[in-house]
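Chains A and B are the protein sequences, given in the same order.
All residue numbers for the first sequence refer to the working numbering, where the first residue is 37 and numbers rise by one.
All residue numbers for the second sequence refer to the working numbering, where the first residue is 11 and numbers rise by one.
Just so you know, not all the hints are guaranteed correct.
Once the Cα atoms are required to be at most 25 Å apart in a straight line, the calculated BS3-like pairs of lysine-lysine come out as [stated by the list, open to error]:
1. A:Lys469 to B:Lys182
2. B:Lys335 to A:Lys324
3. A:Lys389 to A:Lys353
4. A:Lys165 to B:Lys182
5. A:Lys318 to B:Lys378
6. A:Lys495 to B:Lys335
7. A:Lys214 to A:Lys232
In case anyone wonders, no lab produced these hints; they're calculated from the structure.
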Amino acid sequence: MKQIGPMKVYPLLPKTNCGVCEPKTCMGFAVQLCERNFTVDECPPLLEEKYRENLVRLREIFTPPIREVVIGSGDHKVTIGGALVLMRHELRYTNPPAIAVVVDDSMTDETVTKRVQETNYFHYKYIGKILTLDAIAIRSANEHPERYARLVEIVAKSTQLPLILWSHNPAVIEAGVKVVHARRPLLYAATRENWKQMGELALHYRCPLGVYDHEIRMLRSIVKTLRVMGVDDLVLDPGCGFRGDLMETVSALTQIRIAAIRDEDDLLGYPLAGAPATLWEKLYAEGKDVVRWKEACLSAMMVVRYVDLLMVSSASKWSTLPLVVLRNNIYNDPRKPVSVEPGLRTFGEPDPKEAPVFITSNFALTYYTVLSDIEKLDCHLLVVDTEGMSVDSAVAGRKFTGAKVAEVVASSGIAEKVSHRTLIIPGLAARLKGDIEDATGWDVVVGPRDSSSIPGYVKAKWYGQDHTPGWSAR
Amino acid sequence: MGEDDGDLVRILLELISASGEVELQDIAIAAEELTVTFEGKAALSRLLAEELAVVSPETLLEAEYHPPVRTYPGSIVEVTLGAGRAEGGTRRHPVTIGGERAPAFHTFQEIPLHPPVIAGSIFDSAPPLPAPVRAFFGDALQDPCEWARLWVNKFGADLVDLDLTSTDPYIKDTPVQDAARLVEDLLQAVDVPIIIGGSGNPQKDAQVLPKIAEVCEGERVLLSSATLDMWKPVAEAAKRHGQVVLAWSPIDINQAKELNRNLTGYITPAQIIMDPTSAALGYGLEYAYSVIERIRHAALMGDKELQSPQAAGTANSWGAREAWKTDPTLGPRELRGPMWELTGSLAYLLAGVDLFIMLHPGAARTVKDIVGWLSGGSAPPTFRELIGVGK
Numbered sequence: 037m038k039q040i041g042p043m044k045v046y047p048l049l050p051k052t053n054c055g056v057c058e059p060k061t062c063m064g065f066a067v068q069l070c071e072r073n074f075t076v077d078e079c080p081p082l083l084e085e086k087y088r089e090n091l092v093r094l095r096e097i098f099t100p101p102i103r104e105v106v107i108g109s110g111d112h113k114v115t116i117g118g119a120l121v122l123m124r125h126e127l128r129y130t131n132p133p134a135i136a137v138v139v140d141d142s143m144t145d146e147t148v149t150k151r152v153q154e155t156n157y158f159h160y161k162y163i164g165k166i167l168t169l170d171a172i173a174i175r176s177a178n179e180h181p182e183r184y185a186r187l188v189e190i191v192a193k194s195t196q197l198p199l200i201l202w203s204h205n206p207a208v209i210e211a212g213v214k215v216v217h218a219r220r221p222l223l224y225a226a227t228r229e230n231w232k233q234m235g236e237l238a239l240h241y242r243c244p245l246g247v248y249d250h251e252i253r254m255l256r257s258i259v260k261t262l263r264v265m266g267v268d269d270l271v272l273d274p275g276c277g278f279r280g281d282l283m284e285t286v287s288a289l290t291q292i293r294i295a296a297i298r299d300e301d302d303l304l305g306y307p308l309a310g311a312p313a314t315l316w317e318k319l320y321a322e323g324k325d326v327v328r329w330k331e332a333c334l335s336a337m338m339v340v341r342y343v344d345l346l347m348v349s350s351a352s353k354w355s356t357l358p359l360v361v362l363r364n365n366i367y368n369d370p371r372k373p374v375s376v377e378p379g380l381r382t383f384g385e386p387d388p389k390e391a392p393v394f395i396t397s398n399f400a401l402t403y404y405t406v407l408s409d410i411e412k413l414d415c416h417l418l419v420v421d422t423e424g425m426s427v428d429s430a431v432a433g434r435k436f437t438g439a440k441v442a443e444v445v446a447s448s449g450i451a452e453k454v455s456h457r458t459l460i461i462p463g464l465a466a467r468l469k470g471d472i473e474d475a476t477g478w479d480v481v482v483g484p485r486d487s488s489s490i491p492g493y494v495k496a497k498w499y500g501q502d503h504t505p506g507w508s509a510r
Numbered sequence: 011m012g013e014d015d016g017d018l019v020r021i022l023l024e025l026i027s028a029s030g031e032v033e034l035q036d037i038a039i040a041a042e043e044l045t046v047t048f049e050g051k052a053a054l055s056r057l058l059a060e061e062l063a064v065v066s067p068e069t070l071l072e073a074e075y076h077p078p079v080r081t082y083p084g085s086i087v088e089v090t091l092g093a094g095r096a097e098g099g100t101r102r103h104p105v106t107i108g109g110e111r112a113p114a115f116h117t118f119q120e121i122p123l124h125p126p127v128i129a130g131s132i133f134d135s136a137p138p139l140p141a142p143v144r145a146f147f148g149d150a151l152q153d154p155c156e157w158a159r160l161w162v163n164k165f166g167a168d169l170v171d172l173d174l175t176s177t178d179p180y181i182k183d184t185p186v187q188d189a190a191r192l193v194e195d196l197l198q199a200v201d202v203p204i205i206i207g208g209s210g211n212p213q214k215d216a217q218v219l220p221k222i223a224e225v226c227e228g229e230r231v232l233l234s235s236a237t238l239d240m241w242k243p244v245a246e247a248a249k250r251h252g253q254v255v256l257a258w259s260p261i262d263i264n265q266a267k268e269l270n271r272n273l274t275g276y277i278t279p280a281q282i283i284m285d286p287t288s289a290a291l292g293y294g295l296e297y298a299y300s301v302i303e304r305i306r307h308a309a310l311m312g313d314k315e316l317q318s319p320q321a322a323g324t325a326n327s328w329g330a331r332e333a334w335k336t337d338p339t340l341g342p343r344e345l346r347g348p349m350w351e352l353t354g355s356l357a358y359l360l361a362g363v364d365l366f367i368m369l370h371p372g373a374a375r376t377v378k379d380i381v382g383w384l385s386g387g388s389a390p391p392t393f394r395e396l397i398g399v400g401k
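All chains should be built: construct the whole structure from the sequences, respecting the hints.
This is the structure:
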C-alpha cells in the first residue's frame, strides 16, 4: 500500500481542532485518515469553499489504486473495487466481491424466475451476520435482441438486485439497456472488436462497462481508448479456464492486481471480474454436479486472488455456501479482535440445584456458535481464556488445560451459583477430563463434539433417565 | 460585436485548448450585430464532452505491457520426505517440497519447482468420521494399513499421515511398542513417504515420537509434531535418526519463529516443515490464511527463521458443522462436506502451503489436479467417481 504519513496530511487540514469529527482534533483525524478509518469527506469544514484546493489535493492523495465502481442505483446497488493492498494483513481488503448468479435466454421463463428467486432469498446466518448473494447477470445465449429485451424485462420484474447485461453483441446490449438503464446495470463487455459501440452505449446510458480480453496488453489498450472516449467506470475481465488454462487465469488476475497496486499502473487500476459460469459451456457433458464442483473451485480461487465481481451459474447451496463463507473470512478486517472476554455467562433462569454448567473457549467464532446453540436453555457458560483459539487448537496447543479451567472456575464464582459440582466440557476436549477433574475438584462429563447437539444432550442425558455419572454425584 | 466579446474569446480559447482545435468551415458572417448566447460555461463543457465522444478514436490506441516481476532476496528451503534404497530407506517415491523463490503460483515469475503435495490422513483407531468420508474407505477404516493402501493406490496420495491417536493415556493408552509395530507394518504396506503423528498428549508424545524415529531409521519420516512446550525430545530423535520434524505453532508467527530457532540448534533447516495451523473454513480461516501468507512473504524477503516449507492439516475442516451436518436446505452433505475441505485447502494453497494433510479422497484428488494445472501440467480428472455422483 502507498504509505501516507499523518505529517503529510495534517498541513492540508483546517488545523482548527473544531471537534466536529470523532477523533476531535485535526492531528487525530490525520492519523485516522492514514489508517483509512475515515474518508476525507468526513471532515465537514473541509467542504467549505476556502479549503477547496486542499480538499482536491487530499482526495487525490487518498484515491485508492483500484477505483470503486457502483453497479445499480438508489437503494439497490453494490460497490466493488477500492482495493488498497495486495495482502489483507497490510491493512484490510475493501468491498467484498459481489456474487452474481447468471440466467440466460435459452432457459424457460420458469427456470429464470426460479433461479432469480433463489438468488433473492439466498441467506445464511453466520456469526451474527446474514450472508447473501448480490446481483443477477443476464446473459444472451442466442444473440436475439428482442428475445433478450424480453428476458431482461422478466428478470427486472422479479428482483431489485443490481443487474449485469452480458453479451458481446452491442445490438443485444442496447436492446437490454433500453429496458433497465435507470437501474444502472453493468454492461458486459467491451472487447477488442466491439469496444467502440459498447463505449458509446456506456456513455449514452451512463452505465459502468466491463472490458474483456485474455491478453493483458490488449486490456490496457482497450481501457486507454475507452478513457479517451470519456468512459472511465470500468471492470476488467482477463478471462478464465479450469484445466490447462487455470494457470493463465490465476496468473493474469494476480499480475493485473500487482501491476495496479504495487507498480501503480493506472490503466489496470479497476475492479476485476471473473466468470466461472463460462465453464458450463465447456464442461456441460461432464454432468451438472461435476460442473458445479469445478465452478465452486474456480470461484474460491478467484475470491482469494483479487476478483471483485464473480459471475456463477450455480445457486445450489452446497457449492455456494462455502464460497460466501470464504468471502466473508477473507474480507474480514484483520485488525478486529479474535477473542471475547473470558468469564461467566448466564442464560435464562438457571436453577441453582440443577442448571448445567458448560465450558468453551474464548475464540469469538467458537463463542458465538455455542451462544446461538444454548441461549434458549437455562444454564451457565464458563468461557476459558484460550488466547482466542478454538477448542481443538487450544487443546492441542495447551491453551485449554485443567489449570485454565480451574482459573475461570475460581474467578467466576460459579460455585456460589450452583450447588452441584459437575462441569460439562466440549467433546473436542474429551482427553482433558482427568486433568480438569484434578485441577478443579469438580466432576467432569464429556459433552457433544459440536454444540448444536447440546439441547438434545441436555434433554436426554442431563435431565433425562440416562443421567451421567457426574450428575449422580450431586 | 457586443460587450461580451471578451468573454466569448476566452471561452473559445478554452475550447481550443481543451479539444486541441476548432475548425470553422464554409462560414460567412455578414451582419451589423451578432449575438451569441451561451447557457453558461458548465453547459458548454458538457456539450463539448459529448461532441468529443462523437469524434472518438477510430482504432484502438496502442498500449504496452510487461509482467510485474521482481526479485526476492530469500527462498524456501527444499525438504525431502522419504528415502530410497540408496539413502538407506525403502521408499520408492520420495517427495521434495519447497524451493520456491516467488509467492505461491506467481507463475508469471516462476513455475513451481516442487508443486505442493497431498498426504492422506489415517488413524490407528478411527475417530468418529463423517459419513461422506467413511463411504470411501468402508472396512479399511478398521485396518490402518489397508486404509493407507487405498489412499495411495486408488486415490493417488503422495504420502500417508498416520496419527497414533490411541496412544493417548486418556483414550486407550496404547503402549509405545504396539504403536511402533503398527508403523513398521505401515512401512511394509505402502512405498510412499509417511508422516507419523502422536496423540497430542505431550508427555506420551515425548515417548512415542522418539521410538518411531528409531524404528524408522533411514526412512526420513516426518514426525508430527514438535511444539514450543515439547520439542526437544522430537528434535533430538530426529537428529539421531535422520528424520524430519513438523514444527507446530498455534496461528502465531512469533511462536513459529521461536520454535524454528529452537529446532535449528539440533537439526538442519532441511529437516523442518512448519505447520502454523490451518483453521477450518468459517472457523478462523482468515487468521491462519494471513499467518501463512505472512510467513511466506517474510521468508522471501529474507527472514531465515521462516524459510521452511509449510504444511496444513485441512482434514480438520470436518470439524465445521457445515461440513457434516445433515440439513437438506444446505444441499447433500456428500458434496457439501468435501467442498468445505476443498475450499479451505484452495485458500491455503494460494497463501503458500506446500503439504496438505487431507481426509476426503475427492477433495484431495481435486487439490492434486488443480496443483497440476496451476503448475503448468495436466492431470487426468476423475471427479465423477471421487465426488460420488453419477454412480
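Checking one constraint from the list: CA of lysine 165 of chain A to CA of lysine 182 of chain B, max 25 Å. Satisfied? Violated, at roughly 42 Å.
Sort out whether lysine 353 of chain A lies within 25 Å of lysine 389 of chain A, counting only the CA atoms. violated, 44 Å
Quickly compare the C-alpha distance for lysine 495 of chain A and lysine 335 of chain B to 25 Å and report which way the hint goes. With Cα atoms ~20 Å apart, lysine 495 of chain A and lysine 335 of chain B stay inside 25 Å; holds.
Given the hinted pair lysine 469 of chain A and lysine 182 of chain B, is their alpha-carbon gap at most 25 Å? holds, 14 Å
For the pair supplied as a hint, lysine 318 of chain A and lysine 378 of chain B, is the alpha-carbon distance within the 25 Å limit? Given pair lysine 318 of chain A, lysine 378 of chain B holds - Cα atoms ~21 Å apart, limit 25 Å.
Straight-line Cα separation of lysine 335 of chain B and lysine 324 of chain A no greater than 25 Å? holds, 23 Å
Hey, lysine 214 of chain A versus lysine 232 of chain A, does the alpha-carbon distance stay inside 25 Å? Status holds; Cα separation ~18 Å.
Hint violations for this structure: numbers 3 and 4, all remaining hints satisfied.
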